[in-house]
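Number of protein chains: 2
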Amino acid sequence: MSQRIKIKALLESEQTDIQVLVKGWVRTFRNNQFIALNDGSTNSNLQVVVDFENTDPALLKRITTGAAISASGTLVASLGKGQKVELKAKVIEVLGDCDPETYPIQPKKHSLEFLRENAHLRFRTNTFGAIFRVRNSLAFAIHQFFQERGFVYLHTPIITASDAEGAGETFHVTNFDLANPPKDDKGEIDFKEDFFGRPTNLTVSGQLEGELGAMALSDIYTFGPTFRAENSNTTRHLAEFWMIEPEMAFYDLNDNMDLAEALLKYVIKYALDKNAEDIEFLTQRLLEEEKQKPQNERSEMSLTEKLQFCLDNDFERLTYTEAIDILKESTPNKKKKFQYLVEGWGTDLQSEHERYLVEKHFKKPVILTDYPKQIKAFYMRQNETDANGNETVRAMDILFPGIGEIVGGSQREERLDKLEQRMDEMGIPKEELWWYLDTRRFGACPHAGFGLGFERLVLFVTGMGNIRDVIPFPRFPKNAEF
Amino acid sequence: MSQRIKIKALLESEQTDIQVLVKGWVRTFRNNQFIALNDGSTNSNLQVVVDFENTDPALLKRITTGAAISASGTLVASLGKGQKVELKAKVIEVLGDCDPETYPIQPKKHSLEFLRENAHLRFRTNTFGAIFRVRNSLAFAIHQFFQERGFVYLHTPIITASDAEGAGETFHVTNFDLANPPKDDKGEIDFKEDFFGRPTNLTVSGQLEGELGAMALSDIYTFGPTFRAENSNTTRHLAEFWMIEPEMAFYDLNDNMDLAEALLKYVIKYALDKNAEDIEFLTQRLLEEEKQKPQNERSEMSLTEKLQFCLDNDFERLTYTEAIDILKESTPNKKKKFQYLVEGWGTDLQSEHERYLVEKHFKKPVILTDYPKQIKAFYMRQNETDANGNETVRAMDILFPGIGEIVGGSQREERLDKLEQRMDEMGIPKEELWWYLDTRRFGACPHAGFGLGFERLVLFVTGMGNIRDVIPFPRFPKNAEF
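Here the protein sequences come in this chain order: A and B.
This note's numbering numbers the first residue of the first sequence as -10 and each following residue consecutively.
This note's numbering numbers the first residue of the second sequence as -10 and each following residue consecutively.
Hints may be right or wrong, so weigh each one.
[What the hints assert, rightly or not] Partial chain B-side listing against chain A, Cβ under 7 Å, derived:
id: 1; residue: Ala78
id: 2; residue: Phe121
id: 3; residue: Val141
id: 4; residue: Asn222
[To be verified] Restraint ranges, calculated between C-beta atoms of paired labels, are given here:
id: 5; chain 1: A; residue 1: Asp45; chain 2: B; residue 2: Asn220; range: 51 to 61 Å
id: 6; chain 1: B; residue 1: Asn302; chain 2: A; residue 2: Glu42; range: 24 to 34 Å
id: 7; chain 1: B; residue 1: Asn379; chain 2: A; residue 2: Lys50; range: 37 to 47 Å
Hints in this document: simulated from the structure, not taken from any laboratory.
Just so it is clear, CB atoms sit at the ideal spot from N, CA and C, and this is done for glycine as well.
Generate the whole structure from the sequences, applying the supplied hints.
This is the structure in structure tokens:
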């Protein structure tokens, strides 16, 4: 019995009347008798029953919320409500005290904002335990999905010298003394003296390098951090976030959409299976929260129902042009309820339009394709100009209820002449991307890929409202604590 | 037959006389008849046999090394040597041409240095195909190992404000115009104006944040990029590299060593099973390379044998103090063959000493424990002062043949007073790490963890000699290409 057993394994086992040793943190201690013990392996606490009449009162006093303890004794069938088994403790040891006067995490409901300021301790709450276990499952499911399909996980660089996509919203990386960087003859900063011998920044996407891998290994994916120095203080943006970016040789846009839809369904199903208890807890949490809202603002479906609904239904696929037609004719557009009225073809869709399509019109996830060329990136494959003279590219965005864009992708432009022409039009420096263009010179082929924002996925599956609550230590304007 | 099949699946299938469609890149084209086709799914090429008498000569001319093609026809048993099956092509289509005059990757042996300069194309060689498939397997095996044991994968932050461990060797991250950063009243840089409102840098380790997770979830691991702005141009260092850092509550140093040894064996075994063909190729590659060396410099074991040897033997565990005794009495020390002679207790071991222990004395992986306090980090648990008055910490380093340190870890100092005292002695700012110290204030417990350098692991398993060859796009002084 010297081997500690985790509470999840213990609660799942059907055995009773066995000797066990558990270790964890006290959530509550009731009547000098009942410890609710949690070790993070599951959302459920183990009830540890203390023989208080035969326990040193000095020890009893040290059993406080947050204290780390070990407890050994007999696992018995529980007579009380709410649990099948409980631990009749024989020996209890306090491994680490926790002063109830100063411990920030009290056994009561704390605001999410308060917990964000105490992100180092919020793992110890039910909500954040559940969130980070679900996040873990989603991450692993993503790897498993791609491995089952023979994809190669590729670590694309975090520090890059090209800013082709960043549009100025990148973080600089430098080894210079910022107060006194070396200057050249002209008085300009001499980047030759910097660590990498040139200006460098944090990547905004691993896609371009990912394509290099796909042009030899067929199917690759990245899963790494990406960065945006965008000064937006919203519930949907982070300065540092994780992205999954698969790139597939010999895929067209339809293959790409099929893969993305299969991926999303796979990982949601994985979490539903693996984290049933956590998702049930988060479902109840959301129901409680929505009770505060007026009836007409509450969700029609619970979190679990919403996740199940995603698995059971094909995502709706339509072109941008078809979407514009629907939006133009929609009631909120005609009644001028949209903040941005949809008047014609060519402008980007706003969040309100995406939400209308997903939540009101189709009532399910939507994949929009073939966006106007003008609002999309240089590397997307150009379609033939249509009968109305509209120029579009083989892009696709997947829109999710409550989240908006969760995936953005495209078939890539594999034709060197078209690609170079588009780069010239958009002022993208070709000489900086010589290596990217080389893949169009040597054995190019049709290929496609997409980016999945990991935190947006976690947001969707946990039903949380603020992206800062689904990453352990969020980075946003004026915040890099922990 | 419209569905493309990957070459790996096709070669593994036992079927013949079926219609198949394959897509990939031409490695060689022999006698206007035999295409060696590779699609990255395996090291092996598929032989595609062209009916050259009935094929347009203009098409034949376009089948060149590096070209992307699709080929469909009948899979038949091969009469030739070297393959069981081959594809009798009915239709061949060139998807992307490749000019043999300008294509850098010729069907011959290129130097590793040349391929490093063409890192965007080196995926297309046998060596790098094998390396990156092995790297992929090792990465997935790491996740699977931890998932099977109930660990939570935690994304610790990349951008951090604390430089507790960096010792000045960190990269700055800033949103400032480097030529003209805002200054405060005193003429100093006004970091309040920077994106995060304070100086920030790239993380050197996720350990401290990882510990925060472990103090609630019990067992966590990180797997992410870390950075060192160290100006070392060696075959063992990168400025950007990937680390795996598990942290376990309620673990002591022995548990920690057991876990690390189990992890290394698990992932090596996974790669040997999953990538037998790639590792066999790399083994032959290394044998060829060693033929250039004088007999006495060649390895006693082949790559495969070395990997198998790691699985079959317990790692040797001994204390730093015991190691010093062995080294002092060793022949190279007595004959003054070491560059740095081992004279007494207290100094750090050099690479030559580690190699002697691993490669000559024990001839197997070695775990050294209980290093002098003076040469280790502030967070390591302090031992009782020994009979000789020596002060040590509960550290462990795992040393591998040819690689040196592959894992570094320790039991962590959970006692607040000891930890604070050590931080004061070493000049580590306590106020910056208030959140780290909080875990010692509230429910502390014995815990331990380690860091595994991912590229060093890949180096070991692939038998490559330069760490720049086992990461897709290496970052080192004066280099951030691609």
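Status of the hints after comparison with the structure:
no.	hint	in the structure
1	Ala78	violated (17 Å)
2	Phe121	holds (6 Å)
3	Val141	holds (4 Å)
4	Asn222	violated (12 Å)
5	A:Asp45 to B:Asn220: 51 to 61 Å	holds (59 Å)
6	B:Asn302 to A:Glu42: 24 to 34 Å	violated (53 Å)
7	B:Asn379 to A:Lys50: 37 to 47 Å	holds (39 Å)
Violated hints, listed in ascending order, are 1, 4 and 6; each of the other numbered hints is respected by the structure.
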